[in-house]
Structure formats: structure tokens, C-alpha cells
Amino acid sequence: MKRTTWRIPIAGALAGGLMLLSILGSTASGSATAAASGPLKIGVLAPLTGAVAPEGAALTAGIKLAVAKIDAAGGVLGKPITLYTLDTQANPSLATQDARKLIQQDQVNVLYGTILGNESAPVEKLATAAKVPFMKQILDDYLHSNTCSAYYYKLGESDYQLLSSLIPFMIHKYGKNVALVGDDYSFPHAYNQTAKTLIARAGGKVVTEQYSPLGTSEWSSTIGKLSAAKPSWVLSSVVGGDAIAFLKQAHSLGFKPSITGVSLNAEFYPALGGITNGSYVTVRYTDQINSPANKAFVKAYRAANAGNTAPIASVTANAYTGLLLLAKAINAQGSLSSSAILAGLKKVSLSNTIYGPGTISFNPSNNILSADIYLVKVEAGNVYKIVKNEGVTADPTKC
Amino acid sequence: MHTVVLLGLNFLSTATVLVLLGVSLGLIFGQLGIINLAQGDFAMVGAFVMYAMRGAPFLAGIAVAVVVGIGLGLLLEIGLMRRLYDRGFMPALLATWGIGIVLRQGADALFSSTPHSVNAPIASSTTILGVVYPTYRLVAAAAVAALVAALLLVAYRSSLGLRVRASIDNLEMASLMGISPKRMFTLVFVVATVLGVLAGSLAAPFVGITPTLGLGYLAPAFFALLLGRPGTIGGPVLGAVLVSALTVVLQQAFTDTVAQTFLFASFVLLIVVRPGGVTWHLQPKLRRPLRSARAVGSA
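These protein sequences, in sequence, are chains A and B.
Start counting the first sequence at 1; every next residue gets the next number (the working numbering).
Start counting the second sequence at 1; every next residue gets the next number (the working numbering).
Misleading hints may appear alongside valid ones.
Some residues of chain B that are not near chain A, with every Cβ distance over 10 Å (derived) [as the list claims (entries may be wrong)]:
id	residue
1	Ile35
2	Ala149
3	Leu215
Pairwise CB distance ranges (calculated) [claimed, not checked]:
id	chain 1	residue 1	chain 2	residue 2	range
4	B	Ala109	A	Lys388	56 to 62 Å
5	B	Ala123	A	Ala200	23 to 29 Å
6	B	Ala245	A	Ala121	53 to 59 Å
Note that these hints are calculated values from the structure, not bench results.
Backbone N, C-alpha and C define an ideal beta-carbon position, used for all residues, glycine too.
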């Protein structure tokens, strides 16, 4: 009996606390412009533990390098950047809570991060409602999962940017008959949707389209179906451990057609034992880019991450460049208000970046970063040798 | 003909892992009355052992996997499961669920969630009626067949096997006859753990090794257990063969996702129609040395 008497005050205290929080919350979002003179406060949402922890770590590695560089050059509006980093654990509801805390309690000027699409979607809605700019760094398909908020800036490569030069090249080199294979979740479907439009435009034909559930480790039957369709080449959006299983099994089952797509991402290379050597793929960033800015960046990265010889992830490069763009935009505007940041991001551009010689900027019609895209050949030792710079490619998504 | 050969070879690939996992699940369920939700994660441990031993000869890796399996089995049975047998079905089930989480997080902490892989010890391929098939997979399938044959031989034709089956069949009676249930529990749990670990070790060369590798194997292995009359040692072998055949045929006819939906739908249907599992006519013959009147499903 005694226990029940305890519950009432606790419940009451909780309810009171929640009311207080919601009052505080509304005051906080109402006074978002209070911190307009600095320092620049960035709320970082990174899945540092959980399913995509390596990507989360890659994200924060890029942020750290950018902050060091910006602060060394005088900071933003003359003050060093303040970071508030929270671990989303790749959990959408935790990412939402974290974003709310960063906006209301820490009163950050910009939200920066998230990896998974189901993390970024709720964060984007929250950021838009609170009128706080939100920048995402990992690749995505924007053509089919389009979110057009004026507060949402997309630093990641879009499927269209990667596929628009890859598909004509592959059709020219290997032939018109294309097989599509992917894991069965939203990203591969959107990726292939974009691919199909581009394949048709380049005069190719999709001979089969296969999806297997995420976590599939036995690919023999899918490989059999791909073989039966006699494709000239294969576009694969099989990812993670599945990508290793699929590529290794295709190789050992004597599957001959060349395979390209996101399954050839540099992060999967070490587990493949060289079986993808000689394949072609497109990337926006590789640590092989021979520009002075990239050489300096690679040197700083290797110094800060001693012992890590793995290729530098594109999300690291995007996180790094995104902050340089943000700092330049804010310094040009001279203010940290939301409207000033948005106006600055619309206009900002950088030349001779780690992506190469091209001038990078956000596409004003959809806030997607436009930058050089490279056709690369996979070579022994995880070298993604640049075959051709396809130039600055803009994503055509309309908002 | 080409399709038939292809189907047959795909069946071998699927059955290689499933037979071992089905048998090991069946052993634990039969002896301890526990559904071991960590059985797939034991396979994951086996795959990571092979990754950790990738510089050494393949058979050395397998030997280490067996030792790790024995250690893991002893640790879990003596350190944890033994304390839970008296508390009923649910605490034991939750404990195995927890073991699975700990193993996955442990693998994540040790090796990260980036996929890893190991090379097959035999790189060559064999052409069977025009179908190219990796020789290693044939060898792995043969190894599993030999292992299971040896297990069944011990179970049905040795005095140790007789004691294990007696203990599975009627624990109280067996203990009154001088068969220590404590020892039987430990023995069966350790053997089942080793078989689970070996399933992953043998599969390691053709999968992407990640901490979540084992999750995908679990549901089909349960299906195999239920399909092959739970509570017997040979039953899950038959169950695993049937599930593998069904999987391969469904995958040939439909897309993988639809095939999986049908597979699990038939699993659910089976549970509704035959909650105690399926008894096949073959069973009484196999079980001849020790018949019992125990009803199916009673613990």
C-alpha cells in the first residue's frame, strides 16, 4: 500500500516538470535570434554507437578537422565555434529528442549530421518548425525522397549526381542490357528508380530487377536469376555485409558481367580481397583527388587519425566542406540569425576545394551541393584511380 | 536440367548452415526445454573467430572455433543458464535473448560493424553439368553431412547417446537410473554451442561478417526445429532439409522478399495447425532403441 502513495507525488512532479519543460521550450524557440552575435553554436547529431557507428565516427572526424581549420583562421564572426555533439545511436526517436534538446536547451544556430534517412526525416521537420537550418552530410536519393524545406541543406552526393555519368559510360563500355540488384528497403528502390530513367535516356534496357531482404547472406538464387537474364553489366545497391556476401558469391559462382554501383564503395573494399579490381564506379570524393586543398586535408586527416590507413569516407569530406561553406556564408552575412544563415548559404561558393578544381555551391532550386563528379577505376590496394573528371554536376530535383 | 542442377546446388548452400543450426537448436530445446534465441549469434561468433584467425590455416581456425565454442558453451551453461532452469520458460528465453545482444555488441566493440570477410581455403571452382560452383561449398556441405552423420551415430548407436536420449525423453526417470541431469545439460548445451559456432565458421568464407550476421539464420532454424518434431535429435536434420528445399524452390518462383514472406507465412500456418511440431513416419524407426510414451510438447 505504501508504494501507491509514493506514486502520486512522482507522477505530479513529472507532469509539473513536463509542463515547465514545454514552457521553457516555447520560450527558447521564440528567442532563437537572441544568440545572433555569436559564438556560432552547432548541434551535431551523430550515431556514434549502434548500427552505423563507423559512419557516425567518419562524420565527426570531418567536423573536428573543419572546426580546427576555421578557428585557426579567426573563427566565425571572430569567435571560435562551439560544438554540442549528441549520440543518436542510429535511433530515430533518440535523434528527434536530441535535436529538440539542441534547439531548445542549447539554442544552437545550426543542426548538423544524421546518417540514416529515418533519422534525418524527423529532424528536418523539427528544424523547419523551429526555423533552425539543418545540414545533412551523407549521400541520398533526393529525386524520390524529396524534402524541400528551405531550412534543409544537403551536402551528400545525390544518386542522380553519381549515376548520370556512370550509366552512359557503362552502357558504352559493356552494353545496353542492365541488371539491377539491391537490398529491399527504401534507398535501393529510389536509387534504381533514378537509374531506370537514366538507363532509358542512354538507350539501355533493364533486363531484370532483383531485391533481397536486408541481412541476406545467401545470394546464390539471386545470382542465378541475374545470370539467366544475361545482362551486359549489373548496377548493385546491395550494401553493408550483404554487399560483401553478394560480390564474393557472384565471383565464386563464376558470374562474369561487370558489377558497379554503391556496393563498390571504398569502405567495402578491404573485405573483398581484390575481386572488384578493374571495375568502374563514380564518386564525388576520393582521397586520391590531386588538388592542393585535398592534399592538405588528407595530410591533416592522417595526422589526426594516426594508424588509420582506411580510405577517407566521403561523409568525412562532406562534413568538412559543409562547415567551411557555413563559416564563409555566416562571415559574409555578419549575423547568426536563421534568415542570415539561409541567405548566406544560398549565395556561398568555394573554389579549389578538396573535391577538386570546380566551383562548388548549393543548387538554389533544391539546396543540394553541386560539385565535381569523378569516374574512377578500382585498383589493387583500395586505390580509386581517377579516369575522368565529369565536371560539376547539379541534381535536377525541383522544389 | 541446368535449372535442376542450379536448384540442387542452391539447396546445398542453404542447407549447409541451416542443418547445423537446426540440430543445435533441437538439442537445446529437447534437453533443456529452452528456445535459444542466441543460436544465430553463436554462428556469428564462429564467423568472427575465422576472421580473427584469417592469417592462420583454415583448419586451425576451425579448431580454435571449436575451442571457443566449448568455452562459450561452458561459460553460458554453468555461469548463467543453470541458474534459470527452475524458473520456467520465460526467464530462460529472455536470458538467451540477452546473451544474443551481448554477443552482438561485443563483436561490434571488438571488430566494428564494418563488414569483414575471410578467404575460402579452396579457391577453385567445379563445373557440374555446366553450372560453375565453388569447390569450397561442396567441401563445406560434405563436412556438415559427415558431422551430422557422426552426431546421429553417437546419439543413436552409443551408450553416451543412449543416456542423452534417455535424459531428453524422460529426465526424472533417467536421473533415477543414475544419469546425472546436470552433466547431461552441460554436455548438450556445449555440443549445441559448438555446432552453432561451427555453422558460422564454415559459412564465413561466403558471407559478409558483421555482428548481425546470425539474426537472419534464426527464424529458418526455428522453422526447421518445428518441422522436424521438436524433442528429437534427428528430427531437425529432416526439418532443415525441408526448409532449405522449400526456400530454394520459393526463391526460384518468386522474388526473394515474396519468397521469404511465403516461407514465414507457412511457418506461422504450421504453428497454428501443429503447435507441437510435425511427426514424420520415419521417426519411430529412427527412435527404435528407446521408445517412450511421452506426449509431444510436454516438457
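For each hint, the structure was consulted:
Remark: the non-interface label on isoleucine 35 (chain B) is consistent with the geometry, its nearest Cβ contact in chain A lying 20 Å away (cut-off 10 Å). The Cβ of alanine 149 (chain B) lies farther than 10 Å from every Cβ of chain A, with a closest approach of about 23 Å, so its non-interface assignment holds. Distance check on leucine 215 (chain B): its Cβ comes as close as 6 Å (rounded) to a Cβ of chain A, failing to clear the 10 Å threshold; non-interface status is violated. Remark: the range hint 56 to 62 Å for alanine 109 (chain B) to lysine 388 (chain A) is contradicted by a beta-carbon distance near 41 Å.
Alanine 123 (chain B) and alanine 200 (chain A) have their C-beta atoms about 39 Å apart, which leaves the hinted 23 to 29 Å range violated. Between alanine 245 (chain B) and alanine 121 (chain A) the CB atoms are about 41 Å apart, so this pair departs from the stated range of 53 to 59 Å.
In this structure, the earlier hints numbered 3, 4, 5 and 6 are contradicted, and the remaining ones agree with it.
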